[in-house]
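Please work from the sequences and hints to get the whole structure.
Remember, my numbering sits 27 above the position in the sequence shown when you count from 1.
Read the hints as simulated data drawn from the structure, not as lab findings. One should not assume that every hint holds.
To be verified - Beta-carbon label-pair distances, calculated as ranges:
(1) Gln179 - Leu226: 23 to 33 Å
(2) Arg172 - Ala68: 22 to 32 Å
(3) Thr176 - Glu227: 17 to 27 Å
(4) Gly70 - Ile207: 36 to 46 Å
(5) Gly82 - Ala121: 35 to 45 Å
(6) Phe102 - Gln171: 14 to 24 Å
(7) Asp106 - Gly53: 21 to 31 Å
(8) Arg172 - Ala129: 44 to 54 Å
(9) Thr99 - Leu226: 40 to 50 Å
Glycine residues also receive a C-beta, built at the ideal position from the N, C-alpha and C atoms.
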Amino acid sequence: MPFVVGLTGGIGSGKTVVSDYFAGLGVPVIDTDVIAREVVAPGQPALTQMVQTFGEQILQEDGSLNRDVMRTLAFSDADNKRKLDAITHPAIRAACLRQIAAVTYPYCVVVVPLLVADTDFSALMQRILVVTADTQTRVERVMQRSDLTREQVMAIMQSQIDDQQRLAFADDVIRNDGSIADAQAAAENLHQQYLLFSLEAPAE
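If you want it as structure tokens, here you go:
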């Protein structure tokens, strides 16, 4: 198994800028957001469980997941969010493990937005990297790239753990309030460290 770095941060923190830079260096990047979409595709067991739990209202006419409806249900009711996580998290973790096992590079980066809130995921990581930015910057970033309103973005942020909790678990931090070049320079420094750490890590 490779040395595994967990990359986390709240919505709008700039995780993608950092993960894209690692990928550009040839580092395998496993994005659990991508996996999360794959495990709820039509025909997947997780989507079947979701329909059994929340009803056919969460489906589009073509049988695919209506993400807007599901998002509204999940973020307006904490119990719904727990039920959704109980269905999707095990499926995401299993797919993530399969991808980690296939890595041949010295280390890999696993992007998990809610990493420190999920001990099953954090147990897979040898190192946790937190990307953070101030609240206003994060809100503006999300609004620029999506159709979400300020209120919707704030509701999502409030449903996630805050940066203080993330930073308490962090081994490494990239403060992403500045330029893209600044974030990339910080990622480059960490890349060199992670290569060294992977050499020092005991073989599985």
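Here's how the hints hold up against the structure:
1. Gln179 - Leu226: 23 to 33 Å: 45 Å, violated
2. Arg172 - Ala68: 22 to 32 Å: Holds, at about 23 Å.
3. Thr176 - Glu227: 17 to 27 Å: Because 47 Å falls outside the window, the suggested range is violated.
4. Gly70 - Ile207: 36 to 46 Å: Between Gly70 and Ile207, where Cβ atoms are some 38 Å apart, the hint holds.
5. Gly82 - Ala121: 35 to 45 Å: Distance hint for Gly82, Ala121 is violated at roughly 25 Å.
6. Phe102 - Gln171: 14 to 24 Å: For Phe102 and Gln171 the Cβ distance comes to about 20 Å; the hint holds.
7. Asp106 - Gly53: 21 to 31 Å: Roughly 43 Å apart at Cβ, these two residues miss the hinted range, so it is violated.
8. Arg172 - Ala129: 44 to 54 Å: 30 Å Cβ-Cβ, so the 44 to 54 Å window is violated.
9. Thr99 - Leu226: 40 to 50 Å: 47 Å, holds
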